[in-house]
Each structure stands twice: as structure tokens, then as C-alpha cells.
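Chemist: So you can see what is in the structure, the chains are spelled out below.
Number of protein chains: 2
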Amino acid sequence: MNTIKIFCPATIANLSCGFDVLGLCLETAGDEMIIRKSDVKGVRIIKIVGADLPLETEKNVAGVAALAMLENVTNEFGFEIEIYKNIKAGSGIGSSAASSAGAVFGINELLGRPFTRKELVLFAMQGEKLASGNAHADNVAPALLGGFTLVRSYDPLDIIKIKSPSELYATIIHPQIELKTSDARSVLKQNVSLKSAIVQWGNLGGFIAGLYTQDYDLIGRSLHDEIVEPLRSVLIPGFDLIKQTALENGALGSGISGSGPSIFALSKGVATAEIIAKAMSEVYNNMNLPYEIHISRVNDEGMKVII
Amino acid sequence: MNTIKIFCPATIANLSCGFDVLGLCLETAGDEMIIRKSDVKGVRIIKIVGADLPLETEKNVAGVAALAMLENVTNEFGFEIEIYKNIKAGSGIGSSAASSAGAVFGINELLGRPFTRKELVLFAMQGEKLASGNAHADNVAPALLGGFTLVRSYDPLDIIKIKSPSELYATIIHPQIELKTSDARSVLKQNVSLKSAIVQWGNLGGFIAGLYTQDYDLIGRSLHDEIVEPLRSVLIPGFDLIKQTALENGALGSGISGSGPSIFALSKGVATAEIIAKAMSEVYNNMNLPYEIHISRVNDEGMKVII
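Taken in sequence, the protein lines are chains A and X. As numbered in the UniProt record's numbering, residues 1 to 307 make up the first sequence, in order. As numbered in the UniProt record's numbering, residues 1 to 307 make up the second sequence, in order.
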């Protein structure tokens, strides 16, 4: 195999009570990449469609992740990468992670899988470091592993994959505003009350239990962010109304995707997800705010080879 | 059935990363109670063996819990209660909870089970309120339900029972010192850093995942308290050495039981639990500190009828 085409899924990180530790993988939203073996060593980004991103390997998250990986494996080839972006940068559904994770996944396939998907997370994190200054795994882990991922620890890196209940769907609405990660970061407080923290970890425990027991009601009851959402949601136009609308239309829960501005709602079954999408859209239509909307089952497989 | 004898298990609450939300039930440590139907209405504590506790119904946790329950069910009988205490008050393994939960469990059996075990938690919590001023469920929930219990929320009360991995054992050492709950409370800080809180909920998520997947290593890696243990452990003589000794002798993890002074260690298999017990005992022997020690499988059944 000398050329590979892959699907690089979008992801939701910072899932409510799982701020900074819990993410999920999407099925119908994502980029594509074509990666080709070359006799010329090194990594070259030869084409980017759909986004204005640097072609220089060291300035591109896919390039940086690929280089981090190739430093750790003996290999006689070079690689050419074409990136077809569908996930908008700054949307809060893991645009940079799709590229970082895609590059290492694709090259790993072309090399006959010297690394497991979990091992690839560490290399993909180097792309995230370039993108945000912080080598986080919140999006690259679910993109690579699929389903839900819990980043239990960074030192050492310990990632737990949790299978998604089969009927769990996400609706994601992306208001077309710019929300800088630095602004989303700056509203956070360095300290939280012990009381709120206990509520948060009680809910996270409930959410994880809900996933393992496929208890959609428990998933819904637990999907609550006591700490970050109250601070960040004020930066997102119409957040409260969008969330309330989602809940009124059958969502199990709703919250901020990543560091925003996208808002997600989880639901049981595609029919409810579609009803929620319609209702959310009406809110932004009434506000004359442009948006994109995605409906997707939670993708338990993660990144995959198309051809 | 007019008379019932029951086993009222000891419990470990505040399980490391699960401070205030996670507890487990023990199998070999616990009290016994005999409860008898009577034609005279009301609840009478007629005998207490093994502890100096009030016989007056309204001043006894078992009495208060029983009364709270009987207010919520039509019933023509009264009840006499005998309490045989083995769990020392103030040990940190749920002494008052065993009595509160035992009373409501036993009466519920005699009445033909008008309530589920989960429903009984709410009544047993009234006993805890008398004991500590706070109607918490940390100990009564695992005593009634068995296994591990997660108190996801108090308002409304939402308790999740999680089955224990079958080979999970606890070793508990109880140094014979008095540690007042008020002192254990007063060392807590009202605020915690967001960073520590994230570490804590990452670990709690990992611990819950470890329980569902019976992954003993993950249980061990996750059994870590970033927030409360560093503050409280200084109140317990030899804590660091006991914990270190447990870990060196094969414990998956170790921490403070309840609000102390008991220290627990979890392990896979009874043989390791016994080795840990021996090693912990040596530490306190060397310190000339009197102690009690318990070895118990995690009790997945919870409270039970003996006769």
C-alpha cells in the first residue's frame, strides 16, 4: 500500500462534567486526508483544500505530528499529505486534532501499524501543542480511538476508551462567530469551591456509569457542568436559549463543545437529534445569526481508512 | 415472620478520589441487630450490647431512622430493636450507618418490603443526620445496596450501585485514637484549585471505569486523592508509612476510610489482603499504637437477613 485516503472525524471535548478529561468522536462531521509514500524522505504537505493553513511542515499541525511520530520509528520512506478540510478552524469540534491525528494514523497504516492507536495519541498531541500551545489529548484521543475517551492522567499518559451506547447521537450547532481560545481560557477561575467540585465529580462518575450501563437517563441526569459552563456560556450568543430549546425538544443534555462556540446536545436516536437540530436552528434564524449544524451518531470506531 | 436477625455491614466512605460521593460495603466487619414486631406501636430500643449508646428512640440513630420510615408507611405494629455493636463508634467505617440502615432494612423485611433498598436510603439518612448533623448517604447507601455506591446527587437523591469486581478485598486498620469528625472537617479548605479538581475527577472517572471493566490495575492507578487526603492524613499517626507499606506489599491503592482515623487498602485477592494486614500491623506494633484490623472482601450483597 502506497497511498491511503482516510476519514478524520470531528470530536467534542470538555464534555460538561468531564471538563479537560472527557471527549467523544463524531461520525458524519470530519475531514479527509490522502497520504502517499514517497522515496524522498521527510514530510511534505502538498495540498490543503477548504482552509487557509500553512503548507510548511513545521508550521502545520499535521506535519508536526507526523514528524514527532517518524522520530520514533525506523523507516526508509517520506510522506506527502493532502488535507481536505471540512471542519472549520475555531469551531470547537477539534479541527486541528483531526489533522494531527489523521497524519499519524495514516502514516501508521502505510507503515504496517508499528504503533497502536493509543500510542499514536502522544504524537498527535504534538500537533495540538503547535495549535494551542498545550499538548492536550482531549480531541486527538477520541479522534483516534472513537467512542468516548477519558484522559485519566497526563503524567504518565493514561487514556481509557469507553464504548458509546449504540443509539447515542449528537447535534452540534456552530454559530459563525470567532471565540478565541485565549478568551475562553481567561474567563476560567483558578480556584473553585470544594462543594462545586464534588458536584462535578459526582456527575462525572454518573456519566461514566451511564455509558457502561447504556442508561440514557443517567447519562442525561449527569450531563451537567457546575464549573466551566456558567463562566464560558456568556461568551456564546444565545447559549441559554439554545440549551433550553434542546432540552425541551428531548435532548438528554446539552453543553459547550470544546472551548466553544459550538453547542452540543446529546440524544437517544437520530429522530430526536433531528428535531433538536431543527429547533436549535430556529433560535439562530430568529437571531439572524449564521450557523452550521451537524447531526451525528457517536462514532465508536474513530478514524478510519476510506480507500 | 415476627422476628428477624440481620447483619449490618461496615462501610468505607470518601473513597480517595470519590470524596463525598463514593463508598463500598464490607463483608466480614459489621454489627448484628434483632428486630421484633410488637403489638405496642412505636419503636423501642430494648438492648444495646458492645457500645454505650442511648436507648431513647429519639436519641438513637436506629430509632430515628426507623421512625422516619414508619411515618411513610401504613402499619399496625410496633418494633423492638436489639443492637449488637461490633463496629466501634468513631472508627471511620460507618458505625452509625450500620445501625441506621439496619433498623430500616430489618423493619422493611418484617413489613414485607414496602420499600426498595434504594428508597430505604432516604430514611437511614435521618439517622446519619442525628449522628453527624448532616443527612449524608456515603455510608448508609453502600450498607444497604452493597458493592460500590456513587451518590451522584442529593437533590434529588440519585444513587448508583456499581457491582464490585469479585476478587476485590479491603484491608482496614483502625488506630485506637479519637479523631473528631469536626476536626477532620475543619482541616478541609473551602476552595480547591481547578487543576487539582480536574485531576480528581479524571481519577474518579478512571476508578468507575475500572469497576465496570474489572480492571484491577486501572482501579489502582485511579485510587488517588489529590484534595482531601493531603490535608487530613496529618491527623492520623503513621499514615504515610502505613500507606507506603500497603503499596509495597501489593495494595492497588490506599487511603483514609471515611473521615478517619481508619486507613484502608484495596487489593486483588485475599492472600494479598492478608499480607498487607500483617505489614500494616507491624507498623503500628513498632509505634506501640493499639489498633484493630479487618480483612474483608467487598460485599456486593449489602445488608442481609441471618435468621
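Misleading hints may appear alongside valid ones.
Note: identical chains are not told apart, hence a pair may lie in one copy or across any two.
[Said to hold, decoys possible] Derived lysine-lysine pairs resembling BS3-like cross-links, with alpha carbons at most 30 Å apart:
1. 118 x 268
2. 85 x 47
3. 268 x 163
4. 37 x 278
Just so you know, the hints here were simulated from the structure itself, not pulled from any lab data. Predicted, not measured: the structure shown is a model, and the values here were computed from it.
Chemist: Evaluate each hint against the coordinates.
Modeler: Here's how the hints hold up against the structure:
For a Cα distance limit of 30 Å, the shortest separation of residue 118 from residue 268 qualifies both inside one copy, at 28 Å, and across copies, at 26 Å. In this assembly of identical chains, residue 85 and residue 47 lie within 30 Å of each other by CA distance solely inside one copy; the values are 11 Å within and 76 Å between copies. When the C-alpha separation of residue 268 and residue 163 is checked against a cutoff of 30 Å, the pair qualifies both within a copy, at 15 Å, and between copies, at 25 Å. Taking identical chains as interchangeable, the C-alpha atoms of residue 37 and residue 278 are never at most 30 Å apart, the minima being 44 Å within one chain and 60 Å between chains.
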